[in-house]
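Colleague: Protein chains in written order, with numbering that gives the first Met the number 0: chain A, 0 to 158; chain B, 0 to 221.
The set of hints was computed from the structure by calculation and includes no laboratory data. The C-beta atom is built at its ideal place from N, Cα and C for all residues, glycine as well. Honestly, I wouldn't trust all of these hints.
As the list claims (entries may be wrong) - Below, a sample of chain A positions facing chain B; criterion: calculated Cβ distance under 10 Å:
| no. | residue |
| --- | --- |
| 1 | Leu65 |
| 2 | Glu69 |
| 3 | Ile108 |
| 4 | Pro146 |
Said to hold, decoys possible - Among the chain A residues that face chain B by a calculated CB cut under 7 Å, a handful are:
| no. | residue |
| --- | --- |
| 5 | Glu58 |
| 6 | Leu103 |
| 7 | Leu147 |
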Amino acid sequence: MIEIESDPSTPAEAATDSECRILAFCCNFCAYAAADLAGARRMQYPSNVRIVHVPCTGEVEVEHLLAALERGIDGVLVAGCLEGGCHFLEGNLRARRRIEEARLMLDEIGLGRERLRMVNLSASEAPTFVARVQEMVETVRSLGPNPLRASVIRKQDPK
Amino acid sequence: MIVASQKPISEIKRVLAGHDKVLFVGCGTCVTVCLAGGEREVGIMSYAMRMARRLDGRPIEIEQVTIERQCENEFIQELAAAAQRNEAILSFGCGAGVQAIAERFPEKPVYAALDTQFLGILEEQAVWTEKCLGCGSCVLSDFGGICPITRCAKRLLNGPCGGSTEESCEVDPDRPCAWQLIYRRLKAIGQLENLERIFPPRDWRTSWHAGARTVIREEHRI
Numbered sequence: 000m001i002e003i004e005s006d007p008s009t010p011a012e013a014a015t016d017s018e019c020r021i022l023a024f025c026c027n028f029c030a031y032a033a034a035d036l037a038g039a040r041r042m043q044y045p046s047n048v049r050i051v052h053v054p055c056t057g058e059v060e061v062e063h064l065l066a067a068l069e070r071g072i073d074g075v076l077v078a079g080c081l082e083g084g085c086h087f088l089e090g091n092l093r094a095r096r097r098i099e100e101a102r103l104m105l106d107e108i109g110l111g112r113e114r115l116r117m118v119n120l121s122a123s124e125a126p127t128f129v130a131r132v133q134e135m136v137e138t139v140r141s142l143g144p145n146p147l148r149a150s151v152i153r154k155q156d157p158k
Numbered sequence: 000m001i002v003a004s005q006k007p008i009s010e011i012k013r014v015l016a017g018h019d020k021v022l023f024v025g026c027g028t029c030v031t032v033c034l035a036g037g038e039r040e041v042g043i044m045s046y047a048m049r050m051a052r053r054l055d056g057r058p059i060e061i062e063q064v065t066i067e068r069q070c071e072n073e074f075i076q077e078l079a080a081a082a083q084r085n086e087a088i089l090s091f092g093c094g095a096g097v098q099a100i101a102e103r104f105p106e107k108p109v110y111a112a113l114d115t116q117f118l119g120i121l122e123e124q125a126v127w128t129e130k131c132l133g134c135g136s137c138v139l140s141d142f143g144g145i146c147p148i149t150r151c152a153k154r155l156l157n158g159p160c161g162g163s164t165e166e167s168c169e170v171d172p173d174r175p176c177a178w179q180l181i182y183r184r185l186k187a188i189g190q191l192e193n194l195e196r197i198f199p200p201r202d203w204r205t206s207w208h209a210g211a212r213t214v215i216r217e218e219h220r221i
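Make the full structure from the sequences, and use the hints.
Modeller: Rendered as structure tokens:
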């Protein structure tokens with residue numbers, strides 16, 4: 000048997016800007032370096048974003064994206080190189096197709112495609128990185144918190 | 000190999016609507032290769048189904064197992080304990096796999112997660128084409144290894160028909176005319192004389208039209 004319980008640490012009304020959570024899968028060869036550069040330049044960007052360093056966006060599986068959303072992350076950003084500029088030639092192009100498919104799946108699930116987005120930028124584009132993160136925060140703010148975050152599944156002890 | 004494709008999430012959600020604890024079973028053979036029912040696809044569908052059901056306010060508990068082949072009892076046995084723990088089974092196997100599991104667990108509802116399509120090959124990455132109908136009486140040796148039963152829309156044995164245009168089938172301009180392919184192939188291997196033979200109407204009793212078929216090899220039975 001399973002039951003839904005409210006998780007006191009993440010109440011349903013916790014939709015304030017400071018509490019929305021965004022996960023960004025950043026490619027080593029562009030977005031991660033751009034984020035690093037943004038930091039080195041002391042540029043301000045929302046603190047809601049948590050970065051996952053990946054070797055290429057082509058390495059990001061659909062399962063990783065869905066797992067994040069199931070656990071209550073409000074928005075997922077996949078940041079890869081400019082099209083045509085992938086270090087592995089076409090990893091970012093493959094990622095784009097997979098993410099489009101995953102977005103359709105999110106519509107079917109009922110969570111909505113807007114919570115998942117792919118963006119492209121180069122390693123020198125720190126301002127672009129900041130702008131894309133801000134846009135994602137705006138989107139999530141307008142969508143409200145991830146409805147899956149309001150509840151957690153607890154297993155009852157087997158007796 | 001057998002080629003299949005996934006059913007829409009909405010359809011799977013509908014068939015599982017009455018269950019709260021379900022075993023998702025992947026198959027490690029054909030449907031893994033055609034990216035429809037392997038371990039990865041089972042994982043993705045599990046995430047999708049758990050999220051969809053939580054949003055509906057009726058969470059579902061999912062256990063995932065992928066076995067080597069769903070069409071063999073020897074491998075299905077591995078599911079016994081997991082099947083016992085769950086209310087129902089969602090099979091990611093081909094039609095044969097779903098039925099094999101349903102036969103082994105008569106007391107459990109067994110549902111299909113895939114639409115089984117055909118016997119085919121991988122043409123290029125993520126593109127599969129049908130090559131064999133399993134008609135029970137193979138004519139490939141007479142036609143240079145190209146099957147007119149499967150690949151000619153009219154199943155002609157004495158083709159081509161008058162409808163093919165510029166190497167294309169009249170049914171679908173994107174589909175090559177099987178008889179054009181046969182002609183080219185026989186020419187290349189020096190067997191064009193095969194086309195001068197008249198092939199009599201086929202005996203379709205070997206095909207599935209009279210229902211499911213059985214193959215028995217007495218010498219190997221125990």
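Colleague: For each hint, tell me whether it holds in the structure or not.
Modeller: Verification of the supplied hints:
1. Leu65: holds (4 Å)
2. Glu69: Holds. Min distance 5 Å.
3. Ile108: Interface hint status for Ile108(A): holds (5 Å vs cutoff 10 Å).
4. Pro146: Hint on Pro146(A): holds, closest Cβ of chain B at ~6 Å, below 10 Å.
5. Glu58: Glu58(A) check fails; min Cβ-Cβ to chain B is 14 Å, beyond 7 Å.
6. Leu103: Violated, because the Cβ-Cβ distance from Leu103(A) to chain B comes to roughly 10 Å (cut-off 7 Å).
7. Leu147: holds (6 Å)
Of the hints listed earlier, those the structure fails to meet are numbers 5, 6, in rising order.
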